[in-house]
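As numbered in the working numbering, the sequence shown has no gaps in its residue numbers, which increase by one up to the final residue, 307.
Read the hints as simulated data drawn from the structure, not as lab findings.
Where hints are given, some of them may not hold.
[Said to hold, decoys possible] Label-pair ranges, simulated between beta-carbon atoms:
| hint | residue 1 | residue 2 | range |
| --- | --- | --- | --- |
| 1 | V97 | F34 | 29 to 39 Å |
| 2 | L69 | L204 | 48 to 58 Å |
| 3 | L289 | R88 | 33 to 43 Å |
| 4 | M277 | H18 | 23 to 33 Å |
All values reported here derive from a predicted model rather than from experimental measurement.
For each residue, glycine too, the CB sits at the ideal point set by N, CA and C.
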Amino acid sequence: MTMFTEVLTSLPWGVHVGLGLILAAGVVIWAFGKHLLKPTLVLAAMAMGASVGFVAAAFMPEHISVLWPVGGGVIVFALVALAAYRFVMAAMLAVSLGLACPLGYFTYAEITGLYRDQPGQTLSDEELRGGSEDQKSVQDHVKDAADKASDAIGDIIKDNEDILSGDGNGEGGGSGGDDNAEATPGWRNRFNRMMRDIARELANNWRDAPGIQQTATVLASFAGIALGIVFGIMAPKLSGAVVTALVGSLVILGSGSLLGLRYAMPVEALGLATMTGKLAWWFGLSLLGLLIQFKWVGRKADKKN
Numbered sequence: 003m004t005m006f007t008e009v010l011t012s013l014p015w016g017v018h019v020g021l022g023l024i025l026a027a028g029v030v031i032w033a034f035g036k037h038l039l040k041p042t043l044v045l046a047a048m049a050m051g052a053s054v055g056f057v058a059a060a061f062m063p064e065h066i067s068v069l070w071p072v073g074g075g076v077i078v079f080a081l082v083a084l085a086a087y088r089f090v091m092a093a094m095l096a097v098s099l100g101l102a103c104p105l106g107y108f109t110y111a112e113i114t115g116l117y118r119d120q121p122g123q124t125l126s127d128e129e130l131r132g133g134s135e136d137q138k139s140v141q142d143h144v145k146d147a148a149d150k151a152s153d154a155i156g157d158i159i160k161d162n163e164d165i166l167s168g169d170g171n172g173e174g175g176g177s178g179g180d181d182n183a184e185a186t187p188g189w190r191n192r193f194n195r196m197m198r199d200i201a202r203e204l205a206n207n208w209r210d211a212p213g214i215q216q217t218a219t220v221l222a223s224f225a226g227i228a229l230g231i232v233f234g235i236m237a238p239k240l241s242g243a244v245v246t247a248l249v250g251s252l253v254i255l256g257s258g259s260l261l262g263l264r265y266a267m268p269v270e271a272l273g274l275a276t277m278t279g280k281l282a283w284w285f286g287l288s289l290l291g292l293l294i295q296f297k298w299v300g301r302k303a304d305k306k307n
């Protein structure tokens, strides 16, 4: 956690203000997102329709007022957004659960030690030969996918390191001389190292997991996607609450933990020093956000009655 603190304490003050605003937005999404999601989607669709209508007005005869295509675009896109709301929620919930379910299952397995007695199944082909060929094939494919994902993360970070550092050589080299060096503050280099360490930790945790745990995690992702599609279409309000609770809690946890590290709050004592602790906090906050949203709805319904 020393590297995190070192990076955060050297960031510009504008970044801290931005993190505070992001934290406030996350709280709003987390507690009231169910009521804001549909109006936000409709307003976004109306803005898109107005833009399309404004562009279309340039190709229409001059005697036609620009208000007609703009107004028509707003109405049409708003109606489409309302009609397709269930399908949009199905897609959003499928993506959310497709990520949350495998993370939740993996975290549960790590906390409870569900596969702690099966370390030999991680990457051993000799031990997998005793089982069925189909099972071995699935686990081998999952291992290959994990290795490729790990390599891809490393390649992406390596390819973008120079861009994030602000120069082509990573140390302020090139034709700019001292100007480039000044444009590459030390905190940016430390931030790059921090992100590489996070990616390496994630890749190592996945690679060290037993093969059966990797397979079950992938199956949990497929199950989350299927559940997201079904519940997104059948229960769009519940889907909106789930999506906003997951997203809002993730925003709160991310920005809040960064600010906590910056101002020497007991972040490590809360269990946020490990990836498993962060995931456990994420799901706990998401569940609390769901309860808050539905309790608020029930209270409003009682007042109306």
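The hints, checked one at a time:
no., hint, verdict
1, V97 x F34: 29 to 39 Å, "violated (21 Å)"
2, L69 x L204: 48 to 58 Å, "holds (52 Å)"
3, L289 x R88: 33 to 43 Å, "violated (24 Å)"
4, M277 x H18: 23 to 33 Å, "holds (24 Å)"
In the structure shown, a violation is registered for the earlier hints numbered 1 and 3, in ascending order.
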